[in-house]
Amino acid sequence: MSKLSFRARALDAAKPLPIYRSKDLPDLTDCVSINRAVPQMPTGMEKEEESEHHLQRAISAQQVFREKKESMVIPVPEAESNITYYDRLYKGEFKVPKQYIHIQPFSLDNEQPDYDMDSEDETLLNRLNRKMEIKPVQFETMIDRLEKASANQLVTIQEAKLLLNEDDYLLKSVYDYWVRKRKNCRGPSLIPQIKQEKRDGSTNSDPYVAFRRRTEKMQTRKNRKNDEASYEKMLKLRREFSRTVTILEMIKRREKSKRELLHLTLEVVEKRYQLGDFGGEILSEVKIPRPEKSVYSTPISLHNGNHHKVPEFKIKHPHHISVKEDGRDFVRPKKKYLKKTKLDISYQQPHTEPLPAINKSDLKQYDFHSSDDEEYLQALSPTSEPDEENDPDGSFAFRRKAVCQYHAPRLDQANSFPWEYPELAGLEELKYRHCLTALSVPRRCIGFVRRRVGRGGRVILDRASSNQDNILKQLDPEVFNSIPSSSTSDCSTWTNASKIHSGNGMSLKEVLSNIKMCRLRCFRPQSIQNRESEDGSTTRKLGQTMNNRRVTGASVALLNSNRNGISGGITEEQFQTHRQQLVQMQQQQLAQLQQKQQSYHSTCPAHPNSQVSGTSDCMSKTLDSASAHFAASAVVSAPGPGRMVSKDNSVHSSNINGVVQSSGTSKTLHSASTALTPSPAISTVQLVRTVNHTTTNHHLIPAMCTSSPQSLPGNSSCLATAVHLNNVSVVSPVNVHHSTRTSAPSPSALKLATVATNLDRVPKVTPTSAISSIARNNDYRNDVSFAKLQHVKNIPTFLDKKKVIYTDTL
Amino acid sequence: MADSQVEIVEGCRLPVLRKNQENEDEWPLAEILSVKEITGRKLYYVHYIDFNKRLDEWVTPDRLDLKKLQFPKKEAKTPTKNGLPGSRPNSPERDVKRKVEPVSLVTQVSPATPVASLPASTETTQASVYPLVRDAGFTPKSAAGRTEAREDHEQLGTLTTNGTARRLIPSQPGRKRKASCLGTDEIIKVFQNINPRCPSVFLPPGEDSQDSSDGIPSAPRMTGSLVSDRSHDDIITRMKNIDCIELGRHRLKPWYFSPYPQELTALPILYLCEFCLKYLRSLKCLQRHLTKCNLRHPPGNEIYRKGTISFFEIDGRKNKMYSQNLCLLAKCFLDHKTLYYDTDPFLFYVMTEYDSKGFHIVGYFSKEKESTEDYNVACILTLPPYQRRGYGKLLIEFSYELSKVEGKTGTPEKPLSDLGLLSYRSYWSQTILEILMNPKSDTGERPQITINEISEITSVKKEDVISTLQYLNLINYYKGQYILTLSEDIVDGHERAMQKRHLRIDPKCLHFTPKDWSKRGKW
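In the order they appear, the protein sequences are chains A and B.
The numbering of the first sequence is the numbering used here, which starts it at 1 and goes up by one.
The numbering of the second sequence is the numbering used here, which starts it at 1 and goes up by one.
It is possible that some hints are incorrect.
[Unchecked claim] Simulated crosslink set (SDA-like; lysine to any residue; CA at most 25 Å straight-line):
| # | chain 1 | residue 1 | chain 2 | residue 2 |
| --- | --- | --- | --- | --- |
| 1 | B | Lys292 | A | Val64 |
| 2 | B | Lys306 | A | Gln104 |
| 3 | A | Lys98 | B | Cys293 |
| 4 | A | Lys91 | B | Ser282 |
| 5 | B | Lys19 | B | Cys244 |
| 6 | B | Lys462 | A | Lys98 |
[Said to hold, decoys possible] Anything over 10 Å on all C-beta distances counts as not near chain B; from chain A, calculated:
| # | residue |
| --- | --- |
| 7 | Gln112 |
| 8 | Ser257 |
| 9 | Leu262 |
| 10 | Ile288 |
| 11 | Cys404 |
If you're looking for bench data, these hints aren't it; they were derived computationally from the structure.
Here a beta-carbon is modelled for each residue, glycine too, at the ideal position from N, C-alpha and C.
Can you make the complete structure from the sequences, with help from the hints?
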């Protein structure tokens, strides 16, 4: 009745179930077994098979009889076990060993042929045996080898011969027999084998293919990969843990030492107090015989691979500080000085300084729970002491901060001005571009100065003190003007000079002579246009450079790049003299070149490349920094053309600096020429500046070309910047085409070149004209066509020897 | 066709005479799975509905009750020729198709005149069972096969070649093997006149593989040893392909398909070496083999010996050859066993009985080296000659002894076969009842036990314990709690059964150290 109304609890596998016999529970039937809370377990069989007749019958029979009944078994196909020839087949007896059988790893691989002879083979064998003796195993081995060698195709008789190495007759007969048998064979091989899977997946559903390889999709593989990764992670973890342990051990050690130090210090103080050693005399007495000892020497090496080596630092007792160390430390001497004065006055405690310092810092450390670095710092740089309160500097007195690290000056860096350390002169030259400088307005020499550009274009002069300052002060600034040029910054001479300088005492005379001999770099602000109006404190040249902001990027680039090579400005005199030199040089070179050219012409007209290399060789030999210097300074000191380039498309002849003028006089130096190309498509204004390069007649042309975009709808502007004036190789490796008149690789370039030279000829300008042109075939897609340099060599007949160095960057 | 007014085709159902165990005549309903002709007589491969497949057999026409013949239902549920679903042999739709397709109407050709051309006449409206061979459209390889086959026919209908040369595709429409259906539209017909083992081949046009319409079927899962999903099943694997196997003293009648090399399936008897289980095509070969094979026990380590019973452990990776041979043999008796993948992840425990000739295999079970699902047995088999003598239970007991050593509970991999279910249930019942009937009655109180305890003691997985308790109807709800009640007949039945159970595993004789396979780079 109500027995179905309650709900049985779920069967709990962990709950004890009392075991009853049915007879113990007569009332059990009333309590109808309620199994609904016990989930019905699946049998584990396939549904459709579960319902099979015989199974059901067997199950029900079992339920009824609780015992297997013969008639209720599931019928299976019969098997017979009366093979009469069994004993003949399996010969011999096998004695069971006492021990459990343990198979030896390789005992199974006996090299027996897999092929087994059948009766057909036996007949053949019998026949063969009449002529020769052949054992069945031998025959089987032969067939086995033949079979295994024939994967897709039967082996040929020749292959078989190699394979079997048998008597010819035997081989022939066996081979023929095998081929015949193989042909009649129903299977793929005479050795029956399980069908193998094929890689193409065509056998995926072939029921006769079995034992396929498990592919890499296998889950276990994935696990293996995971294993690897996690293994590595574990390794890393272990490493890091061990590192942590090491670090902790070291911290422990450090703290122990600190405690020890503290105790010792306390002891010392106590003892001193007992002795009444308030002035520290006893202490110092005690200390004197002791050798210098390093208090802190804690090279810390971490185990993480990068060894952080803390430089050994020694705290020295004050009385051991030598003069040399005074130079090392900027702070300490001062302190010491203070101490001394104090000592003089009343304190009489000159040498106790380090102790309280260390004490204090130590105490502080505990507050900080310092890291190694902090500790190190504090040990090194004890904070300023309270007893310095009557420091004359008052609130401005230098006080060390707890967290800051103060480095002692490195001895090798101190006072390392190039003139003192000649070995650094070359390297450090850029860093310390100090040169002798004189000011115009307070007309005096101010010694070594380094210029740099400050905010708003101001030029700031950093003065450097040297032990020659006294002498230099007496120097007449006019001396500078008498210097031939600033080209004396030649490295070798400079080095020599600095060597001379490095000596301490140098007389005024020597300095003067150095200046005159151009062994010392000198600088004096110059004004090109209105020198007088210039402010004395700034060097005019640079100032102007900065004012001329409109100078095109190209020229700025030039300026910048040239700074590397040169240091000084150029005076007009310098320029003039230099120009004269150049003219001379160039004339010589021309002469040389003409000779050379003839030889080139006669020998290798067809190999222009060799010519290039030859000339570039020449150049590299004869290139000198003076000319480079000049070339650069010419650009720098000529703001006019720069402005002209950017603003107008015409040449300001009025504003052309000396360089331009010189072009009329000197035959080779052609600073600017305009080549107005007649072609409407290329109406560009080209400002070409040539810079002479010494022996070869190659003119590298940094060409600044601006085209007016309006007139050039198709062609874009060409801004050519040639930065490296003194290096031809920049240009040459790219795409160098030397051409004689007719065979220019780029027709447009050649055409332009020709036009340009023609134009040049009209005003009777010197032959060295460079034209940067925009190649027509570059049109529409080139925004920038890099320098196209054309070089016309021969002066008198500049048209018959023409070289186009055509550099196409695109 | 001599005896048929109507054509009996695959898929037809009709009562078929068979003798039951009491040797009485029965006429259970059966389905025709395949038809073949031998010397003019037709043979039908029948599957008795609701009987296990192992009883399927070739029958002569006189055992068919043609009066109750049911033709395959022309179901519309199988919509397309492509992607025929299911693996059931009784797929009636193919017949319909046959009729529809013009080419497919093929007459039966008399065995004497094998035909290699398109049908000359259509005798019946029934779909033809015998497609004919057409060489056109075959790839060279298969064409060669066909040609060969034809020659054979011409020579006398001989046949042996025929059967083996061309993978004869049983005429299950809608399921043909991929290899043979090369996308041709031909109907291929192969006659086998003589070879009884060769079912006729039928390749319906256009229908592709039995697998789903997407062509290449996905590979089955790689764990476990059994297939529960029969979608990869096809008619070939539904039919026994080996007639008889000789193993040592025994001749075995295989129950199911086994992928022995196909050329061997035509043999009347397949010979196996009793010890290494190598398959050989003839007695002579076996003889020769035995001169070279000196094994007298399974090629593994003996881990148990008591009396004449020994167990050998074989690593499926280290001894592939033996493992494969064992699997091939086992497959003859295990319907759900799959041999799709290699044997690497398994260990094989072979039970042998010793006599003066050596250690004769009685049965075996395989076991995954690492099971993700608590399986302690993958496949388990007692060879038919040893069945119903307690060896099966011995195998099961041994498997649980191994689990006890490993300290795990385990369960056999599913699905179980009918015999497997009976054996396991019997083992579980006896094992659990053994515990329940001899409770450690401490201090005279009512003994009690938890399911977990039973599981721990026996290494039988908890679920199996519960299902057994349920099956034995031991669980009752009494006065607010579950109790276990042992009824008289259960107790009596158990006692009687245990009296018959002589063969027991003696744990003391087990020399077994479980290996941690996860540590050894798997398998």
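Going through the hints against the structure:
1. A hinted pair counts as satisfied when its Cα atoms are at most 25 Å apart, and Lys292(B) with Val64(A) does not qualify at roughly 53 Å.
2. Only pairs whose Cα atoms come within 25 Å are accepted, and Lys306(B) paired with Gln104(A) is accepted, the gap being roughly 22 Å.
3. For the given pair, Lys98(A) sits about 23 Å from Cys293(B) by alpha-carbon distance, which is consistent with the 25 Å threshold.
4. Proposed proximity of Lys91(A) and Ser282(B) is supported: the alpha carbons are some 18 Å apart, at most 25 Å.
5. For the suggested pair Lys19(B) and Cys244(B), the alpha carbons sit about 20 Å apart, so the restraint of at most 25 Å is met.
6. Under the criterion of a C-alpha separation no larger than 25 Å, the hint pairing Lys462(B) with Lys98(A) is inconsistent with the structure, at around 39 Å.
7. For Gln112(A), the shortest C-beta to C-beta distance to chain B comes to about 4 Å, within the 10 Å cut-off, and the non-interface label is violated.
8. Consistency note on Ser257(A): stated as away from chain B, and its beta-carbon is indeed over 10 Å from all of that chain's, at 47 Å minimum.
9. Distance check for Leu262(A) against chain B: the nearest CB is about 54 Å away, which clears 10 Å, and the non-interface claim stands.
10. The Cβ of Ile288(A) lies farther than 10 Å from every Cβ of chain B, with a closest approach of about 70 Å, so its non-interface assignment holds.
11. Against chain B, the non-interface label of Cys404(A) holds: every CB pair exceeds 10 Å, the least being about 56 Å.
Hint violations for this structure: numbers 1, 6 and 7, all remaining hints satisfied.
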